[in-house]
Amino acid sequence: MRLPPTEDLLRELSPQVLGALVRRHGQFDACEDAVQEALLAATVQWPAHGVPEEPRSWLITVASRRLVDSWRSDSARQRREESAAALELPEAAQPSGQDDTLIVLFLCCHPALSAPSQLALTLRAVAGLSTAEIARAFLVPEATMAQRISRAKQSIKVAGLSFELPPANERADRLRVVLHVLYLVFNEGYATSSGPSLHRAELTTEAIRLARLVHDRMPGEAETTGLLALLLLTDARREARTDADGCLIPLAEQQRELWNAAQIEEGVALITQTLGTAPIGPYQLQAAIAAVHDEAGSDAETDWPQILALYEVLERVAPGPMVTLNRAVALAMVDGPRAGLALLGTLDADDRMRHTHRLDAVRGHLLELAGEPRAARVAYLSAARMTASLPEQRYLALRGARLA
Amino acid sequence: MKYMVMMFGDAGTMMESASPEWIQEMIRFMVQIDKDVRESGELVFQAGLADGSTAKVVSLENGLPVATDGPFAESKESLIGYWVLDVESEARILEFAGQIATYSNKVEVRQVMDGPPDV
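Just so you know, the protein sequences line up as chains A and B, in that order. Just remember that my numbering sits 94 ahead of the position in the first sequence, which is counted from 1. Just remember that my numbering sits 355 ahead of the position in the second sequence, which is counted from 1.
Excised from the complex, chain A in its bound form (with noise of 0.2 angstroms):
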């Protein structure tokens, strides 16, 4: 008998049981119920009896029992005769050893899936979490959340999507996909809630240890190590950013031995490697800024200019208000309070920033800054109104009192 199995072996195993069962029956709606039911059984059955010898194959096995189980069990006639029909299929379809991890992948991040169905899949079907789970995650009924899975698993089936990797000439925009659901699925863990957040932290977990799937699964792309440096390098300041009563600490003010140190040099030794070997991307850049924020040993020692010039980059690889929002602040700490304040004047007028708190609240800490608390208050009392996070009204509601 071996060790107790890790749930970490079930979770890396899961999207590889799937693979194997999807190639050998089709049907990647019932082939993923029945895995996660072969999940379900290992969780009782390893501690009880020990790992089996092929972790793998028993996870196979057992999860196509259940699918046949599934499908005798199912009255109509037709569906059993389809069910035959796709029982024998050869084996020979499932190539041997092969890993279909990315395949599951990129088929949950399909972009025919809506965003929530994309991530909620996703942490199913690749991360091997069970609906329940990933309902605490989200702070949704259970109900809900196996509602928005199935009709996930459906849009797969409706739209008739093959199980195979994207085609080379796809390849580039479809990973782009899968990054941006890896990094929703990280803030959705990273915006602290007033509910509990020990299980939203697990999503963050996840995140991470997906990002590092597909760096170690797909190497030499460059924005995947980016996002894997940058999710590293922010998720190392979870434990000082908020404090016992869940209010938010800036950066400025947080107390930097709580930061991860071990997180901090593998983001810092990913991106170091990473830059300048291929084209630059927002993910690279990002994580570079969040690198030269962790190496820095006090919030004065942060080297602004650096951080700066990061952004102005920024700027011209993927524009946005909320990129602005931030050079500001920059520029701000190299130019002083008026240059950052100048610039956010240039947000103003734009559209996209009409219904974000954001803009406000960082005009009331550049005019703090600045020595205008009369009119930092204001602007921080104006973004308390506007921000739909309670962590964070709760913090500018107590900036702006502390200017009365």
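In short, the hints are calculated from the structure, not lab data. Hints should not be assumed to be uniformly reliable.
[What the hints assert, rightly or not] Computed footprint of chain B on chain A, listed as stretches where at least three residues anywhere in the stretch have a Cβ under 8 angstroms from a Cβ of chain B:
1) 333-345
2) 482-495
[Said to hold, decoys possible] Ranges between beta-carbon positions, derived for each pair:
3) R410(A) with L434(B): 40 to 48 angstroms
4) F400(B) with P210(A): 15 to 23 angstroms
5) A412(A) with N460(B): 42 to 50 angstroms
6) L255(A) with V439(B): 35 to 43 angstroms
7) E347(A) with V386(B): 17 to 25 angstroms
8) H449(A) with S372(B): 22 to 30 angstroms
9) P210(A) with E416(B): 27 to 35 angstroms
10) G396(B) with A394(A): 45 to 53 angstroms
11) V439(B) with A363(A): 47 to 55 angstroms
12) D424(B) with P210(A): 22 to 30 angstroms
13) V407(A) with K411(B): 33 to 41 angstroms
14) R350(A) with E380(B): 24 to 32 angstroms
15) K411(B) with T137(A): 42 to 50 angstroms
16) A412(A) with D424(B): 27 to 35 angstroms
Cβ coordinates follow ideal geometry from the N, Cα and C atoms, glycine included.
Starting from the known structure of chain A, fit chain B onto it as the hints suggest.
Chain B only, in chain A's frame:
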């Protein structure tokens, strides 16, 4: 039995008049009371709502739904948060609401309707 406890108020006015100490105390209270009802097993669901000034009102105009910015910008009494609790008695929910009232202009308690009685 389940009740919804609704907290009314205006975050904007609160922020304009409250001291940092009062806000700090209010935050601590809210974090604690959420923790209490979660641990007691009474919490079904709770949520805080974004400020009333960000509300949209959707109404029918000539048979078509039209969304307009909410008229609540000046209101002191818009809904800012709610709890649904499953409690043993009305007395318990009134006690809970009484605690909330310390930090709110007005708290409303309503029983959540149930299915028909068992046959």
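Status of each hint after checking the structure:
Judged by the Cβ-Cβ criterion of 8 angstroms, the region 333-345 of chain A is covered by chain B as claimed, because 3 of its residues qualify and three suffice. Counting residues of the region 482-495 of chain A whose CB falls under 8 angstroms from any CB of chain B gives 8; the rule of at least 3 is met. Evaluation of the 40 to 48 angstroms hint for R410(A) and L434(B) yields a pass: the beta carbon distance comes to about 45 angstroms. Taking the beta carbon of each, F400(B) and P210(A) are about 20 angstroms apart, inside 15 to 23 angstroms as hinted.
A C-beta distance of roughly 45 angstroms is found between A412(A) and N460(B), which places it inside the suggested range of 42 to 50 angstroms. Checked against the hint of 35 to 43 angstroms, the C-beta distance between L255(A) and V439(B) comes to roughly 40 angstroms, which is consistent with it. Checked against the given bound of 17 to 25 angstroms, the beta carbons of E347(A) and V386(B), roughly 20 angstroms apart, stay inside it. The hint said 22 to 30 angstroms for the Cβ distance between H449(A) and S372(B), and at roughly 26 angstroms that hint holds.
At about 31 angstroms, the CB distance of P210(A) to E416(B) agrees with the hint of 27 to 35 angstroms. The beta-carbon spacing between G396(B) and A394(A), approximately 48 angstroms, falls within the hinted interval of 45 to 53 angstroms. Separated by about 48 angstroms at the C-beta atoms, V439(B) and A363(A) satisfy the suggested range of 47 to 55 angstroms. Our hint of 22 to 30 angstroms for D424(B) and P210(A) holds, since their Cβ atoms are close to 27 angstroms apart.
Checking the proposed 33 to 41 angstroms range against V407(A) and K411(B) shows it holds: the Cβ atoms sit about 38 angstroms from each other. A hinted range of 24 to 32 angstroms for the beta carbons of R350(A) and E380(B) is consistent with their spacing of about 29 angstroms. Distance hint check for K411(B) and T137(A): the Cβ-Cβ separation is about 45 angstroms, which falls inside the suggested range of 42 to 50 angstroms. A hinted range of 27 to 35 angstroms holds for the C-beta pair A412(A) and D424(B), which are about 31 angstroms apart.
Of the numbered hints listed earlier, not one is contradicted by the structure.
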